Every structure is written in C-alpha cells, then in structure tokens.
Amino acid sequence: MPASRTVWRSVLNATHTVLHPIRPQMASASACGPILEGCLAINKPAGLTSAGVIRHVQNHFNSSSLFAPWLKREQLRKDHESHNQKQKRRNKMANRVKIGHGGTLDPAATGVLILGIGSGTKALNGFLGCSKTYETVVLFGAATDTYDGEGKVVGRKSHDHITKAMVEEALGQFRGTIMQVPPLYSARRIDGKRGYEYAREGIPLPREFQAKSMDVTEMELVEWMDGGEHEWRYPENEADDEEKAAAAQTLGISGENASTGAVSKRAREDDTATEGAPSVKKAKADSESAPSTSETLPDQITSVTENPAADATTHSETVESKILPPRCFAPAARIRMTVTSGFYVRSFCHDLGIAVGSLAHMSFLVRKRQAQFDLEAGNVLAFEELECDEDKWGPRVQKMLEEWQKSEGSRGRTQDTEKQNRRRNSSSDGSAL
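So the sequence shown is numbered by UniProt numbering: it starts at 1 and just counts up by one.
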C-alpha cells in the first residue's frame with residue numbers, strides 16, 4: 001500500500017507540472033538604453049487644446065531613440081500576453097508612448113501642463129488636487145457668454161468710475177475661503193450633461209449650478225492698465241437682443257448691465273477707436289473658439305490677411321501693411337492668484353466686474369505654477385524645444401524624467417519606512433495588552 005500511494009503521488013505531481021508549464025522569461029529591453037517614465041511639465045502655447053499637446057508630444061517621442069527602449073519593452077510585454085488579452089487589443093492603435101495630462105487648460109490659455117509618461121500616468125491624479133498659480137488679465141466694461149475673450153459680448157456697462165484702488169479693495173472679497181459658481185461654458189455636469197453642451201444647443205439649464213467652496217491663498221494686483229494704453233480688445237462678436245436677454249437671466253447681469261440696441265452701439269463706439277485702417281477679424285491663434293472648436297497646430301494657424309489697399313502706396317519704399325485693431329478705452333488689470341483645485345479663473349473675472357459696479361471678462365490666462373513645476377523655476381519644457389533635433393531636447397527630457405524617478409524613489413522609500421514603523425508600533429501595542 002505505501003508503495004502504491006507513492007506512485008500515485010508521483011503521477012499527480014507530473015500532471016500538475018504539465019498543466020502549469022513554465023513560460024520563457026521576457027527579454028530585457030533595458031539593454032539598448034534606460035527606460036524613461038515619470039512626469040514632466042511643458043509650457044502649453046495658445047491655440048492648442050491639452051489633448052492636442054499630448055498628440056504633438058507623442059509624435060516626437062514615438063520616433064525618438066530616447067523612448068525606443070520603452071516602446072521595445074511594451075512590445076515584448078504585448079507579445080507575451082495571453083490570447084484573450086491580445087484579442088482585446090486587436091482594434092487598438094499601434095504601439096506608442098503612453099502619455100496623459102494632470103489637469104486641462106483651455107485652448108486660449110498658456111502655461112504649465114503636467115504630462116505623465118508611461119507609468120507616470122498613475123501619478124497624475126495627485127496633481128488634480130494640488131495648488132496652482134495663475135496670472136490673468138481682466139478687461140472691464142463688457143461681459144461675454146463664455147466669460148472670456150472667445151465668446152460673444154452679451155452686456156456692456158460704464159467703466160469710467162473704476163480705479164486701481166477700487167479694484168485692489170474689491171480683491172479682498174476673493175481671498176480666503178470663497179463660494180464660486182462655475183461658468184455656463186464649463187465641463188460641470190447637470191443631469192449627466194455638461195454645461196457647455198446646454199449652451200451650444202441653446203437649452204437653458206434645468207437648474208442653476210451650485211456654488212462650490214474654494215480656497216484662495218494669494219490674490220494680488222500686479223499691473224494696472226488705463227484705457228487706451230494696453231493691447232487688450234473686446235471680442236468682435238456681439239450677441240443679438242434675444243441672446244442678451246437670455247444672458248441677463250443666466251449670467252446674473254440685468255438692467256443697465258445687459259444693454260442692447262442703440263445704447264449698446266454707442267457704447268461700442270465710445271469704447272473703441274480705430275487707428276489707421278478698419279479692424280479685421282483676429283487670427284485663429286488669438287481667437288480659438290469655445291469647447292466645440294477643432295484643434296489647430298501652430299503651423300496650421302491662419303495669419304491675418306494683408307490690406308490690398310496698402311499695395312497702392314505712393315512711398316518710394318515698399319512698406320508691409322499692418323492693420324491695427326481698434327483701441328479699447330476700458331481699463332484692464334493683470335492679477336496673480338494661487339488657488340485650490342476646481343477654481344474657475346473666468347468666473348472670478350466675471351464676478352470681479354460685478355463687484356466694482358461694472359462688467360468684465362478674462363482676456364488672458366497663463367498657469368504659472370502647478371505643484372513643483374514653475375515657469376520661473378526653469379523646470380518646465382518649452383513647447384518650441386520639441387521642434388529642434390532630438391539631440392537638443394532629448395537630454396533635457398531625460399534629465400527631467402530621471403529627476404522625477406529619483407524623487408519618487410525617495411518618496412516611496414519614505415512611505416515604506418512609515419508603513420513599517422506603523423506595523424511595528426501596532427505589534428508593540430498588541431503585545432502589551
């Protein structure tokens with residue numbers, strides 16, 4: 001009997017080995033260079049969406065030698081996947097560097113956009129809740145449906161009474177913990193539908209957006225610009241009377257704020273004055289439309305057409321014709337703020353206009369800092385650097401990702417030590433009972 005049991009166990013062990021074959025080890029991809037992953041920041045240009053930036057960066061990384069080891073490792077991993085896993089991937093695109101971003105920026109905005117590369121995408125959620133520093137230009141005297149310079153003017157109001165001191169005093173209302181209502185043109189959802197979808201379809205919101213609590217740790221006026229002495233202009237598109245009436249209800253402007261007809265026309269004439277030739281529509285680079293607009297790369301942006309009349313000049317020298325837009329005689333203010341996640345700078349600009357007894361909208365926005373990435377600290381990659389050869393941008397990108405890996409490794413070891421200490425303390429407490 002004992003001998004028969006031994007034989008039977010040997011058969012079982014042999015069967016177990018057959019049912020669970022040992023797979024060959026996956027070859028190492030690091031032989032041809034280091035595998036770079038992590039997070040870095042890029043200075044996003046105006047006129048390009050955050051998703052457009054990712055595609056642009058991805059195109060450069062996919063064809064680079066710097067990320068060839070990463071792509072090789074991913075291809076080897078896919079080659080060793082099970083049949084079912086490969087079936088799930090059969091309709092997916094070819095192997096490419098995995099990239100995500102840590103907080104979107106509007107197409108017209110510029111500044112810090114954090115990108116996660118490879119496994120760095122897992123760390124992106126941690127950037128959504130961190131503090132951010134913005135710099136914006138508020139242009140007084142007119143409100144738009146989008147709260148920025150990309151929309152239609154839906155209301156005008158006198159701005160002659162606004163002074164630098166008045167704006168500085170009003171900024172005190174926006175420091176500390178405040179309640180803020182997001183703009184209609186936003187990604188905030190009501191009944192499963194985003195705000196900008198209601199706006200595009202001309203459907204009123206089923207109910208108003210709820211105000212959210214926001215923390216503002218810095219709110220500072222860094223530059224005051226008198227009317228007629230700055231570059232900022234009102235949008236050229238003017239809403240019709242029906243749209244203005246709807247905006248009076250939706251955007252919280254009414255009475256004198258929502259001026260229409262002849263009054264609005266006189267206000268436009270008072271606020272602007274043409275220098276030289278009549279104004280023309282702004283270039284696409286300066287006027288990327290609201291969320292529904294298609295993405296445009298910088299080299300695809302249409303430039304302003306030169307004035308044909310300038311060809312008939314009587315001067316002896318040929319002078320390039322330039323059409324200057326009309327000056328705006330409303331004051332503007334450049335403001336820097338440090339805020340928590342979810343803060344809408346456009347809403348702040350709109351609310352500031354009302355706070356000083358007028359209207360206002362956002363004409364410019366740059367994200368100066370997000371977490372440890374700061375434009376002034378020099379740890380943000382310039383978008384234009386990628387247009388150079390890889391031997392120019394490659395070492396800089398490699399250094400950024402290696403520094404990230406080093407800092408994350410140190411942070412991970414610290415967290416592991418803290419966990420071990422907690423377990424040790426927990427065991428000590430339990431043995432003492």
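Careful: at least some of the hints might be erroneous.
Stated by the list, open to error - The calculated BS3-like cross-link candidates involving lysine-lysine, where the alpha carbons are at most 30 Å apart (straight line), are:
#1 K399 / K212
#2 K406 / K78
#3 K392 / K368
#4 K368 / K72
To be verified - Across the chosen pairs, the derived CB separations fall in these ranges:
#5 E81 / N125: 24 to 32 Å
#6 R77 / G129: 44 to 52 Å
#7 R77 / M179: 45 to 53 Å
#8 Q173 / P34: 29 to 37 Å
#9 L124 / A68: 17 to 25 Å
Hints in this document: simulated from the structure, not taken from any laboratory.
Only a predicted model underlies this, so the values are computations on that prediction, with no experimental measurement involved.
Ideal Cβ positions, reconstructed from N, Cα and C, are used throughout, including at glycine.
Now the hints, each set against the structure:
1. K399 / K212: Violated, because 39 Å separates the two Cα atoms, which is more than 30 Å.
2. K406 / K78: 27 Å, holds
3. K392 / K368: Roughly 24 Å separates the two Cα atoms, so the pair holds.
4. K368 / K72: Violated - the C-alpha atoms of K72 and K368 are around 36 Å apart, more than 30 Å.
5. E81 / N125: 24 to 32 Å: Given a distance of about 26 Å, which is inside 24 to 32 Å, the answer is holds.
6. R77 / G129: 44 to 52 Å: 31 Å, violated
7. R77 / M179: 45 to 53 Å: Given about 48 Å between the Cβ atoms, the range holds.
8. Q173 / P34: 29 to 37 Å: 51 Å, violated
9. L124 / A68: 17 to 25 Å: Since L124 and A68 have Cβ atoms about 24 Å apart, the given range 17 to 25 Å holds.
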